[in-house]
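J.: Below are the chains, spelled out letter by letter.
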Amino acid sequence: MIQHKRWKQIILAAAATALLGTAAACGGERADDRQVIDSNGKQITVMEGKTPAGQDVIVESIQELRGLQGMDWVNGETILAVRPNLSRQAQVIEGKERYPINLLTRSLTDGSEEVLLSADEDQYAGMLSPDKKALFYKRIEESVGYGYMLDMETREAAPVLDRQTPDELIRDYEGEWFDSEHVVFPTMSGEIYAVDTKGNGELLAETDDLALYNVHKVGDRLYYIGAGDKLYLQEGDEPARVLLEQVNWVIPSPDQQSLALVRRTREGEMTLYLADLDGKERLTLSKGMQIFGTAWSRDGTRLAYNIMSADKGASGLFVADAVTGKVTQVAVDIESLANPLQWSPSGEQLMAATSIMTADGNERVTYIITLRQ
Amino acid sequence: MSRRRVSLKVQLGLGLAILLTLSTWLLSALVLRGIERQQLHELERDLLQHSEIANLRVRQTYLLGERIDDQRFLRLHGQELASNIGLLTGLPVIIYDMKGDAVGNALLSATDVEVGQTIAYALEGKIAYQSSRDAMDYLAPLQGAAGQMGVVQFHYSLVDQQAFQQRIERMFLMAGLGVLLGGLLCGTLLSNRLAARIYRLRDAAGEIRKQRFLQQAPLPGRDELSDLGESLYYMSRELASNMAAMEEEQRKLRLAVGKLQALERQQKQFIGNISHEFKTPLTSIKAYVDLLGMYSDDPALIAEAQSHIGQEAERLQEMVEKVLYLSSLEKYEFEQEAEPLDVSELLAELSSRMGGKASRHGLTIKTSLAPAVIWADRESLIQIFINLLDNAIKYNEPGGTVAVSCASEGGDAVIGIADTGIGIPPEARERIFEPFFTVNKDRSRQSGGSGLGLALVRRLVASLQGEMTLTDGGGPLDRPGTVFMIRLPLQAERELPAKEENHDTT
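Protein sequences appear in the order of chains A and B. Residue numbers 1 to 373, in my numbering, belong to the letters of the first sequence in order. Residue numbers 1 to 506, in my numbering, belong to the letters of the second sequence in order.
Hints in this document: simulated from the structure, not taken from any laboratory. Be a bit skeptical, because a hint or two may be false.
[Unchecked claim] Chain A is faced by these chain B residues, among others (derived, beta-carbon under 7 Å): (1) L56; (2) I119; (3) Q130; (4) S157; (5) Q161.
[To be verified] So the derived list for chain B, only partly shown, Cβ under 7 Å to chain A, looks like this: (6) L12; (7) Q60; (8) T118; (9) L123; (10) Y129.
Beta carbons are placed, not taken as given, at the ideal position from N, Cα and C, and that holds for glycine.
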């Protein structure tokens, strides 16, 4: 009788264990909209109602402009770009003819182009003032140059700084307009200037930091990134302090209320996130091996950026909603960007400049991507 | 059904083995299942992302080219797109148009995989994948400007995944075996130790069963088993002391029974003696009565009968009184009324009272009395001394003396009553205190002794917590004499509450 009882106990224990095991194994089963069909030794799984996100594409059309590098929008139909000026005298360098690169405007509707200042010089990094009356650009050699201000009306150019020693050189794409009258830019010697359209300069800061880049003026706050990837903040007359470390890019929003930050969060991983003006994280948008070209739409609701990822397929152009954090890939396979992405004034179009490999070397290509609203 | 005996060690070991096997199996099943599910989940996610990229790529290419019919576009660009997507995703890719014909193929021979059934679902706009043992083919719809334009197929090899799973499985098998062996080893060591402790408890219980009680707790330590051992030890101790108490009780009972039997014997003897002793004077009285009946006119006989009958009657009366007193002593010991008494005074008084009788027997009483106060019942003391003095007179020889002494000695009052009589032979000295024992029947009858006096005296002395000894008088051989020595504790030595009374009297 006792033996009988013991067997009963053993069976009970085994049953309990088996039940537990089954429950644990089945507990995680998701009730998915999937249908599994067995046929000829194969298992076919059909995912009902699930389609690639590509279905709700936000790209309406893509316009490809060969041979030129877009830099800014003059208006909804015209862009500012550079391309070799074939009407000038070509230089022969290493057996190849090379024409000077001049700034021009290009109409997207009829394709007509107009060189702004035909000259035997390489003009680069053109940035139009918000009212489109002035243009800040550089005459560059290699990847640095002196800054100039061009009056769009009179087409007269003047250097932004009177002195032109190597100390006054500016890296190609540094500088930005912080209002309709003023640009702010750093020099190679670590000085930060604010210059108005008339060419009156003001030295904002002397940092002695030769690796200075990404300078932004937000009210009386001055942000810049210095050596060691440190993000500095200089407020008013106070000395600059380190706000964050491991920062690659900082891009203030148009309403000057938040910052888009690209930081190295791990070896080989960059993270793009939104933060308040003190660098406190609010919303993480994307991660990737490299994130660059980040640009705010003019209404400050969207961010466009390019991600390079170890997983090749995941590289490309992305648009993120700055409010919801929803990220949508809009294009694949744009290997590198020549300069930051540019939103059209209406926010409907996105300009991306890159270069593609052709038989006779790299060719500048600019894409105008029209997004579905 | 006979119950086979299964050793505790075997039971423990078996239980442990089952438990270990079961838990390892359960754990590995769960982990393997989890890995499998996670792999599938990741794979689905990756492939979904790949199909999204494919869609983007196709759409990007379509938008960059001329606006043509999307089926034509696919036929024109299918191969290029497939290569491009294959490059982007790193997977073999096939692109199909809406008829289900392959229009582009990268890194895969179209005949490799039969997807006829699965593609039908993809052509309906649904994601579908078919999986066989070592590969998965994932088919997703491609969206054109106006609805679906085709299907993209990714071929994903599951060999790595399966190899990984098999590796994990092998690892679990090895780990499981290791755990089982290690667990069994540890378990065996543990269960051996446990079993050894249990065996010690069992042995201890066996010892108790054999009534060999434990001298100490059978197990050291502070766990439940040692608690059990402690309880066992406690039980054993209790059992031992209970049994000892029971044996003691038994011994006492046996003793009591022995005493009762002796008492009964004594009583019978006593009654026999009484009857016998009563018989003698009664016979004498009856004889004189018979003689008087026959010779009622003989004055000499009448005088003799009167004297003899009176004597015998007196003896009977004395005997009855003493018997009564003796038995009342047994019953009413508590009725004694103790008080401080100077023994010397009492002895002097009694000596003078007995002086008449002594001189009738031609004896003189000599006294040598020093005061000695004791705590005693006066009546009892009088009984003692009267009896002893009476004996000293009765069993003396004419011209002899009776010496009465009293002194304090070492906390006792020592009273001596010595005669110069015929003495008591040593062999009779023990029995002389028994009721009705007399050394010489004739002599005692002649002197009117009842044989009860000394029995009474000894009992009274005992009740006064004294002791009595009997020695030779040290006289000549024919008349050695007898000395009775009585030691009674002095009142000062007694720890009694009557001290104040003592002060009063002295």
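J.: Report the numbers of all earlier hints that the structure fails to satisfy, in ascending order.
T.: 2, 4, 5, 6 and 9
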